[in-house]
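Assemble the dimeric complex from its two separately framed chains, guided by the hints.
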Amino acid sequence: MKRFSTLAVPYIVWAALMLVLPMALIAMYSFMEPGNSIISFSFTLEHYVKFFTDPDFLLILWRSLVIAVKTTIICLILGYPVAYFIARSREKVQNILILCITIPMWINMLVRTYAWIGLLSEGGIIQRILGLFGFGDVELLYTEGSVLLGMVYNFLPFMILQIQTSLSKMDYSLLEASADLGASPVQTFRRVTFPLSLPGVINGITLVFLPAVSSFFIPKLLGGGQYFLIGNMIENQFITVGEWNFGSAISMIMAVIMMLLMMAVRKIEIHNQGGKGERA
Amino acid sequence: MKKNRRPFGKILMILAIAFFYLPILYMIVFSFNEGKSLTSFTGFSLRWYQHMMESSDMMTALYTTFSVAIIATLVSTVVGTVAAIGLSSSRKIVRNIMEQVNNLPMMNPEIVTAIGFMLLFITFNVEKGYMTMLLAHIAFCIPYVMLSVMPKIRSLDPNLADAAMDLGATPFRALTKVIVPQITPGILSGALIAFTMSVDDFIISYFVTGRGVKNLSIVVYTMSKRVNPSINAVSTLVVVIITIVLIVINVAPVLAARRSRKAELGRRRRFVPAVAVCCALVIGLFAFRAGGGAGGDRPFEGQTLHIYNWGEYTGENIIGDFEEETGATVVMENFDSNEQMYIKVANGESYDILVPSDYMIQRLIQEDYLQKLDKSKLDCFDKLSDEVLGLPYDPNNDYSVPYFWGTVGIVYDKTKVDIEDLEQEGYNIFLDEKYKGDVYLYDSERDSFMMALKALGYSMNTENEAELQEAYDWLVQCVETMDTEIVTDEIIDNMAQGRKALGLIYSGDATYVMAENEDMGYYMPETGTNLWSDAMVIPKNAKNPDLAHAFINFASDYDGAYDNSSYVGYTSANQEVMEVLSGEGGDYEGINAYIPRADNENDEVFVYNESTKKIISDLWSRVKIAASNAD
Numbered sequence: 150m151k152r153f154s155t156l157a158v159p160y161i162v163w164a165a166l167m168l169v170l171p172m173a174l175i176a177m178y179s180f181m182e183p184g185n186s187i188i189s190f191s192f193t194l195e196h197y198v199k200f201f202t203d204p205d206f207l208l209i210l211w212r213s214l215v216i217a218v219k220t221t222i223i224c225l226i227l228g229y230p231v232a233y234f235i236a237r238s239r240e241k242v243q244n245i246l247i248l249c250i251t252i253p254m255w256i257n258m259l260v261r262t263y264a265w266i267g268l269l270s271e272g273g274i275i276q277r278i279l280g281l282f283g284f285g286d287v288e289l290l291y292t293e294g295s296v297l298l299g300m301v302y303n304f305l306p307f308m309i310l311q312i313q314t315s316l317s318k319m320d321y322s323l324l325e326a327s328a329d330l331g332a333s334p335v336q337t338f339r340r341v342t343f344p345l346s347l348p349g350v351i352n353g354i355t356l357v358f359l360p361a362v363s364s365f366f367i368p369k370l371l372g373g374g375q376y377f378l379i380g381n382m383i384e385n386q387f388i389t390v391g392e393w394n395f396g397s398a399i400s401m402i403m404a405v406i407m408m409l410l411m412m413a414v415r416k417i418e419i420h421n422q423g424g425k426g427e428r429a
Numbered sequence: 020m021k022k023n024r025r026p027f028g029k030i031l032m033i034l035a036i037a038f039f040y041l042p043i044l045y046m047i048v049f050s051f052n053e054g055k056s057l058t059s060f061t062g063f064s065l066r067w068y069q070h071m072m073e074s075s076d077m078m079t080a081l082y083t084t085f086s087v088a089i090i091a092t093l094v095s096t097v098v099g100t101v102a103a104i105g106l107s108s109s110r111k112i113v114r115n116i117m118e119q120v121n122n123l124p125m126m127n128p129e130i131v132t133a134i135g136f137m138l139l140f141i142t143f144n145v146e147k148g149y150m151t152m153l154l155a156h157i158a159f160c161i162p163y164v165m166l167s168v169m170p171k172i173r174s175l176d177p178n179l180a181d182a183a184m185d186l187g188a189t190p191f192r193a194l195t196k197v198i199v200p201q202i203t204p205g206i207l208s209g210a211l212i213a214f215t216m217s218v219d220d221f222i223i224s225y226f227v228t229g230r231g232v233k234n235l236s237i238v239v240y241t242m243s244k245r246v247n248p249s250i251n252a253v254s255t256l257v258v259v260i261i262t263i264v265l266i267v268i269n270v271a272p273v274l275a276a277r278r279s280r281k282a283e284l285g286r287r288r289r290f291v292p293a294v295a296v297c298c299a300l301v302i303g304l305f306a307f308r309a310g311g312g313a314g315g316d317r318p319f320e321g322q323t324l325h326i327y328n329w330g331e332y333t334g335e336n337i338i339g340d341f342e343e344e345t346g347a348t349v350v351m352e353n354f355d356s357n358e359q360m361y362i363k364v365a366n367g368e369s370y371d372i373l374v375p376s377d378y379m380i381q382r383l384i385q386e387d388y389l390q391k392l393d394k395s396k397l398d399c400f401d402k403l404s405d406e407v408l409g410l411p412y413d414p415n416n417d418y419s420v421p422y423f424w425g426t427v428g429i430v431y432d433k434t435k436v437d438i439e440d441l442e443q444e445g446y447n448i449f450l451d452e453k454y455k456g457d458v459y460l461y462d463s464e465r466d467s468f469m470m471a472l473k474a475l476g477y478s479m480n481t482e483n484e485a486e487l488q489e490a491y492d493w494l495v496q497c498v499e500t501m502d503t504e505i506v507t508d509e510i511i512d513n514m515a516q517g518r519k520a521l522g523l524i525y526s527g528d529a530t531y532v533m534a535e536n537e538d539m540g541y542y543m544p545e546t547g548t549n550l551w552s553d554a555m556v557i558p559k560n561a562k563n564p565d566l567a568h569a570f571i572n573f574a575s576d577y578d579g580a581y582d583n584s585s586y587v588g589y590t591s592a593n594q595e596v597m598e599v600l601s602g603e604g605g606d607y608e609g610i611n612a613y614i615p616r617a618d619n620e621n622d623e624v625f626v627y628n629e630s631t632k633k634i635i636s637d638l639w640s641r642v643k644i645a646a647s648n649a650d
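So the protein sequences, as listed, match chains A and B.
So the first sequence is numbered by the numbering used here: it starts at 150 and just counts up by one.
So the second sequence is numbered by the numbering used here: it starts at 20 and just counts up by one.
Since no wrong hints were added, every one of them can be taken at face value.
Mimicking DSS-like on lysine-lysine, the simulated pairs with C-alpha atoms at most 27 Å apart in a straight line are:
hint, chain 1, residue 1, chain 2, residue 2
1, B, LYS402, B, LYS559
2, A, LYS199, B, LYS633
3, B, LYS29, A, LYS318
4, B, LYS391, B, LYS559
Derived from the structure by calculation, the hints contain no laboratory data.
This is chain B alone, in the form it adopts within the complex (with noise of 0.2 Å):
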């Protein structure tokens, strides 16, 4: 209309486009990145696409992402359809009701709709999983494609399929041969769209999801927390799938008009390379997930172990040479919380092995939840530190066998901070406005509680409402006062990168912190800390118990305990792999955060007690309140 009159216009596209597509191409430079860090590019390198192609979970959440969306459009396009021609030639009231049902899941927020569906499976006690999340995928998408068919339907002439009916058509034929082509525009956009929700969908799937069936989203929210640039490689593998499907639309029927000297491209030229290209990628996923399973006669082949760890607690070989061993899958679910991880036992999802720490695993003997190990399956209670074993909340080591322990204590930057001041201070250097703004609290209730009552001179495990009041004062101060910043798991590449002066860190992170940059120190404060494990336990409910048990001696093997260790910087339970970690040549050799403190009358371990708890829960949700209310 009117060229190069507009600058101004282009000016800002061209920022928009950039906007856009800045991060798309961060993230893919970052992905060829040979550290770790997110910020600091330090050489080229493929590591972390072979770390991707290694990571079962990784491939089978692109797996799980692009089988439902294709699954989920193929479905929803056609009952849509179906559902759309009926609707408008029913009563004006049935149809009236049904636009306003249809609209329920476009017009409310996502989040409530997808915690309508996790209601729904869970009273009708349908087993959350790749099926759940399926059927709610199918039933969000639905009303969109509705949404696209209708006006098509209304725009055409109501006495067309009479016509072809009086003409002595069949209805169906009638509905195929003269309907159907004539609103195939209105079709192929609601696909579209149904495809597009879907494939990004990650607030719905979050909720319905289960049995560690995790799509991309899920996969990026749970690990986030931990840097790992893998997450880099898989979305750049999107964008390159992405990108071919694009050229091959595009491009295809180009060609194919070229070739066949047609002036014109129907729309439905496109679609059919369109649905070529998806169905060859869903056969290349499968054959990709049916590839590399031929065994002979491992003890449990073609048999599955369900794991629900922490985040990013794995080495990064154990599952694969686990797999390679006994002929078993591992599905992985990672929670980051113990109390996130007790809501799904508790709402009776089924795992084999569960990895909670210390306090939550007396919660969880106590209420019943575990079962008894067969000590007869086990071989691996001699290999294990003697201070990891018969604690407190599980003496005889019935339920439990250690999987990593450690301690709490503070992170900080030795340029920095005078190590005099945190002998005087303790954990009250966090009140010392000497350090305003640079220091991180990490987002704990427990710990964070353990801090304050220990500089205060409490017990941590205190059931005393004044003290925990008094903790809580204490707390409110240092987020008001001292501008902090609450994190987890950032917290890691954050001081690895020098950027705050201090945290409160648990010690396998600030190994790991330590490890990458030299000027970290880890101080804990005489006043005591939390002597934290986390161990292995069986659910009572467990469908694998077995390769349960054969799983626990795998991972507290020497082979496997140093791969687990070596990769993720806790100290293991398994006595050799710590001593060889720490000693001369090892990994973490001379880094104080290791070796758990063993010497200190003013260290405990966290006892489970259900009304402290709640009042902990509660106090710390204030105080985050409070926090993000200083800003």
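Just chain A, same shape as in the assembly (with noise of 0.2 Å):
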């Protein structure tokens, strides 16, 4: 097969230029005096010293990481049961239900959140729901909870489909065998299945967490303009504002931040595997 190792010259070239450059460009706008042309580079850490000594800027990333570590939480508590489910029906209805879940996200992912706020919008049908039930002046809207519920909404899926890979690779045998040898069926999902599923988890995680922390137009959408997280400050600072130096370091303050988290999800996962390893 070595033949073949020519092959791979062009696209190597190609992510030099297409993948490894833009980040180059950002780490260098990030770093630069203000102004947007690269040929006059002066070296400043400014726009980090002025991210890192405002309050505000921190309360808005620390609100972001928030909400993204609950829009986590929930779609992995939805999306696990679900995911267990799909995974232990037959062959046909497994194809079937991962059908359901796959055909939304063929559906433009703005067009399905837009529907959201005719849905929880004053007057709307869920609030015209509550209503029934006494809850009727309860505001849905405009509130961290609508753009919570925008969140897992959009990236619920992503998390039940790479639990569900992990789990239909599961020998349920396993199962069997456990509750043979006298583990309850709360033992058994402790110790055997979601070990056996922490790949699928951990992915999941990864890509609900990502999406969720730099989210713009759900906030935008669903929050209103004064739902402000650190994915708007950033497309404000490029599309409004015009401070490219400034939305750069943020951009790179938060590529840093998710490598950093992204390594200790990776640890854990190496970590896990490793101990199961020793006990067998």
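See the structure below:
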């Protein structure tokens, strides 16, 4: 197969140009004095200082991380049982159910989020239904709850599909073995099923957390003008304020935080697998 | 395995599916709604489908979405597969490095990747548009293809290709006849992921597009503020297309298998109809685009006009009529703030017509971005109202021709708000806790500060920092004590439905609200307001100034101006249109918001001042942060 290695060369060139260079540019812009030309590059840390010395910006970053964590936890709690149910269905049913979960992802994300505006707004269906139970005057739209709902709605399928994939690879005779050896269902789940599905859970967490932390159209559509997350801040810097250097610095900060978090998550995974290996 | 023993699981599954499909169902139902509202269904109608078919904007977006997705899928599948095969036989260190590089778009927040692409294109002066969008899509799709092809290659016997070649096959034949067939499932699932990612992409497309090229997501994002149920119609169309594709993919092989009496269907059998359907769709879309352009000797046959305008700021027919009359194609791009428009123009993007507001026109003139109008080509000035001509931002109208104009005021529900409170308190009613929780603010830095400054009795053009600080405190008090909601164009539908008692609003939006709901009133405080106007200008780097002049004439002429004003609700700069619409039997008869106030000496026109603008932008973003922390 060695003869095919030249086939990779064009892609290596392409990747350097289209994947590596853009990241390098963001880094450069973020360390550059204001002004949008890289020819007259002069180094500065002012954009980073500006971000880290302003409590308001830090609060927004913190809020974005918190809402992403909440989204991830909710997706995990809701997604796991659904994935488990799908994985334990017959194969034909499994395929249909997976299709049912996938189809909405093919319909534009923004369009689906947009539909929630109508559902949640004052006088909308959900409020009217709540009204029947005497909760008619609860505000639904433009709250943190509606942003959270939008995120869970958009990212839950990723979680379900990842967990389902790793659960369906599991050998179910293990469960019977565990039961035969006297483990309660809860014990079996904790000691056998969950550890085996961990790779899927980790992938799911990654796939949910990453877009949730940086999302800017969900807070904008469902959170109203006053709901600001870090993604909105970046968008604002590039689209309406025009301070690209500051925007690049925020992007870098976010990319680095994400990288660290992802590395930590991977560590947990490796650690866990290592631990199991010893016991086995 | 265990039948009927998992009622809990079943209920959960049903709930999950209901959750996923509820919004989609809702959207389909409301695409047939007669009215404009998103919450109350008033009757069955196909009005929005008609609107969608007539809107070249939406059909083009649909075409862009699918053509980009299909081309990006094909290219990235081929390139990704070849690269994966190549890499698998490269040295380990190269392989590991490339794996990390491929992780960049997958492990980075999407907005970071998007900004990277944008900076790349801008740094190398690549004009943003269809090609840049396509390139970016290919770039982020390839890693996904490789990710799903790689494991399949790894599971191959490394000697397979060598064996084929020992038996006399050329490397190319070994590749296509031996290796590729073995990894087909990986290639197909890679292609499927690439297609899904591309069709659904918003963030990356949003940052790398230009020249009015939009996919569906961008259309939804830029116009969703103002309710336009055509979005529902487009989405329903997408649902239908996808359902057809899925049915064909799943049913066709079954039928084929039955015919050929084969029990087992290979995955390849699914792929062929899928590709066939996609090709048919592309051809269909192309045919749609090509059709309808047959015309004789129209003056601008085959030329293109790029307009950069506010979202939902043109009538239903004006663009179509203009295209019909001139033979030109209009590409419309929308912005939702002057600042957003300014950044694109300052970055060298080229448009033929812009429609900025007064103070922004002044700035564009100062910074030398506009060209002087060729008045010999314009026949519109004598049709326009005197009040909108010769304003301080462009005293001789050398650069601009007014489009819409109006005031800013308070929209209020007559059944909930005592008019005496309004008359006594003016803008300070926004601090009156009697109306706590019943108030909308508008997300516009200049008009929010206008309100605060006018409430305090200052000029809205003040350069005095202490006064600005006082205005800031006023706004913070408002958002912290009044439980306000800061909205943009959502205010239109919401006030038309009577959801809050008070809101700061543009006169044109108030006109629309009052036409929809009789209980609504519009009040301009005596302490003054912003007399604004938006006008058409031609940038220096316009590619087709002649056509731009023709459009300015067309939009200022009675028919064009009437269509705009009657559909959007804003006051026309055309004197006759304004009189007809506000006169007896006109759409806006008896609506005070439609006629801008001309006799209050406290009313002002905005003046651009760079340092004040910076202070105000900064303070306003802090007001918004205060508001979001107050929740």
